[in-house]
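J.: Protein chains in written order, with my numbering: chain U, 16 to 336; chain C, -16 to 241.
FYI, nobody ran anything at the bench for these hints, they're computed from the structure.
Treat the numbers as computed from the prediction; the structure is a model and nothing was measured.
It is possible that part of the hints are untrue.
Here are a few chain U residues that face chain C, going by a calculated C-beta distance under 10 angstroms [claimed, not checked]:
no.	residue
1	Val86
2	Leu88
3	Arg91
4	Ile92
5	Gln97
6	Thr99
7	His104
8	Arg282
Heads up, the beta-carbon is just placed ideally off N, CA and C, and yes, glycines get one too.
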Amino acid sequence: MIELSHVSKRFGDETAVDDITLRVAKGKFCALVGTSGCGKSTTLRMINRLIEHSSGDIILDGQSIEQYDPVKLRRRIGYVIQSTGLFPHWNVARNIGLVPRLLKWPATEITARVEELMGVLGLPVGEFAHKYPHQLSGGQAQRVGVARALAADPDILLMDEPFGALDPITREKLQDELAKLQSRLHKTVVFVTHDMDEALRLADHLVVMRDGRIVQQGSPLALLQQPADPFVDSLLGGLERGLKQAALTRVKDHMTSLGPTLPAQSRIPTDFSLRQALSMMLRDHCDRLTVVDQNDMPIGELSLRRIVKEAQLDKVSQRDA
Amino acid sequence: MTPNANVGSVTNVPNTQWLLPFGWALLLLISIMGMPLLESVFRWVEPDARQVIYSRAAFYELLGRHVLVVGVAAVVTITAGVLAGIAVTRERGRDFLPLVGQLASLGQTFPPVAVLALAVPVLGFGTLPIIVALMLYGLLPIVRNTLAGINDVDATIKEAAQAMGMTPWQVLRHVELPLAAPVILAGVRTSVTINIATAALGATVGASNLGDPIIAGIVNGNMAYVLQGALLIALLALSVDSAFNVYQQRLRRRLSAF
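Could you put the whole structure together from the sequences, leaning on the hints where they help?
T.: Rendered as structure tokens:
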């Protein structure tokens, strides 16, 4: 668990991070979002003491980070950056095995761990272990970067715009893989990005920052339904907010049991998002879909009218809460 | 399969690369051993001289002393230069960076002849003054290249190294120095090659080396002596320089990301 309370960072007269309080529960994925220079990277780098905070407390697993030796602290926190920071004179296997080697693991264990991680991140050992960073594509290099961060199996993972330099297709692919990885590994992740869609896709907890301060934090759905001010609203896409919210909602949460009427022609699996359902309705010129399970068996129905009504109900209940 | 193939190709290439330095070194040895055989050629240069082959000391002895002087100066300069370069690129030493840079430049702008003239009254005649002069003269390229090499290491790579939990010493040893090595080596190469030529000046203060035939030739008006000294110094410089070249290229290939 990571807790920041009233943390500030001043560089000379300038305040980069201003009195932020933030709690990331164990196993949760927290995204810091904001425009450039809003202090999100500085916040991240204070957690592994690349930057020392000026005031406030940063608590890691119940202990202030000042009580840890910085070197030992960093060895138990994974770190991924946009430019990967891979060592150009080391091959992939050696880069990935860096932290275990620093921790003086036995050589056989390091080799086994490196090969395991390369498997997890889709880098065939025979093909990639002996390649050097300059021989990799951007996406491959970032996979190596993630593998390196995970090598010593840290509980905490800090990621600073890890996919920012990748093309949209590779970026989406890596986002998906990271989401899958996270659902298996349950690391405590702090993820910095300026891409709101990325944050919405990945985060359990969304923190919007501006000028060194936290403007709003909460679950992605909560922010989408109730942005605190016009800035958060515009970051969340303004008019697009409805669709973004739909993208985070599963079909199965809004389906009704099959009615007496004839089932609709178009079929949609339960684990698809409402956004995909809406798109399908537009495409097929209909306002009802048949919801099917994995075996393509109809199990329910989704109607446009109901989705619209329930979206409103969601909003009302949110306001009441 | 692939790693083995790579290793094979890496070891295969330098075999032919070493041909050039070995060639120059062989030519140097032949010249030293066979100088008397060239008497007719040098007689043609100096038809009236009583003697055309320098014989006050054996050439191999002069070569040995020459190499020794340059070698001692190089060991001291490399140690001092690289250590100074490392020290002022550390966080604690940053304040001294301009000072060290200027001192090293001063060493090179100060003519070695003047250093010799100033050093002789203090250190006496012989080998010591020329070693001091070479040390001062050779320091700049090494310090400058060490600074450039270390400062050019990508800041994000250094930060990543630190963030992974490397100690400052480990960052230096495993990241900064290996990545700066080709640039530092280039400085060492310049320094040593220049000093092989400059060491000849030592002959003027009684440090006998390959400069002896040159000085003796100038004093006695015997161009044949001058040519012999110049030829041997040039061959020595070419041997050493081409050896550095091979080594530098191997380092570069190992760090072929750049």
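J.: For each hint, tell me whether it holds in the structure or not.
T.: Status of the hints after comparison with the structure:
Proximity of U/Val86 to chain C holds as hinted, the smallest CB-CB distance being about 5 angstroms (cut-off 10 angstroms). At its closest, the beta carbon of U/Leu88 sits 8 angstroms from a beta carbon of chain C; the interface hint therefore holds under the 10 angstroms criterion. This hint holds: U/Arg91 has a C-beta 8 angstroms from the nearest C-beta of chain C, less than the 10 angstroms allowed. Here the hint on U/Ile92 is kept, as its CB sits about 8 angstroms from the closest CB of chain C, short of 10 angstroms.
For U/Gln97, the interface hint holds, the least distance from its beta-carbon to any beta-carbon of chain C being 8 angstroms, beneath 10 angstroms. Restraint check, U/Thr99 versus chain C: the minimum CB separation of about 8 angstroms is within 10 angstroms; hint holds. Hint on U/His104 holds. Least Cβ distance to chain C is approximately 5 angstroms, under the 10 angstroms limit. A least Cβ separation of about 47 angstroms between U/Arg282 and chain C goes past the 10 angstroms threshold, and the interface hint is therefore violated.
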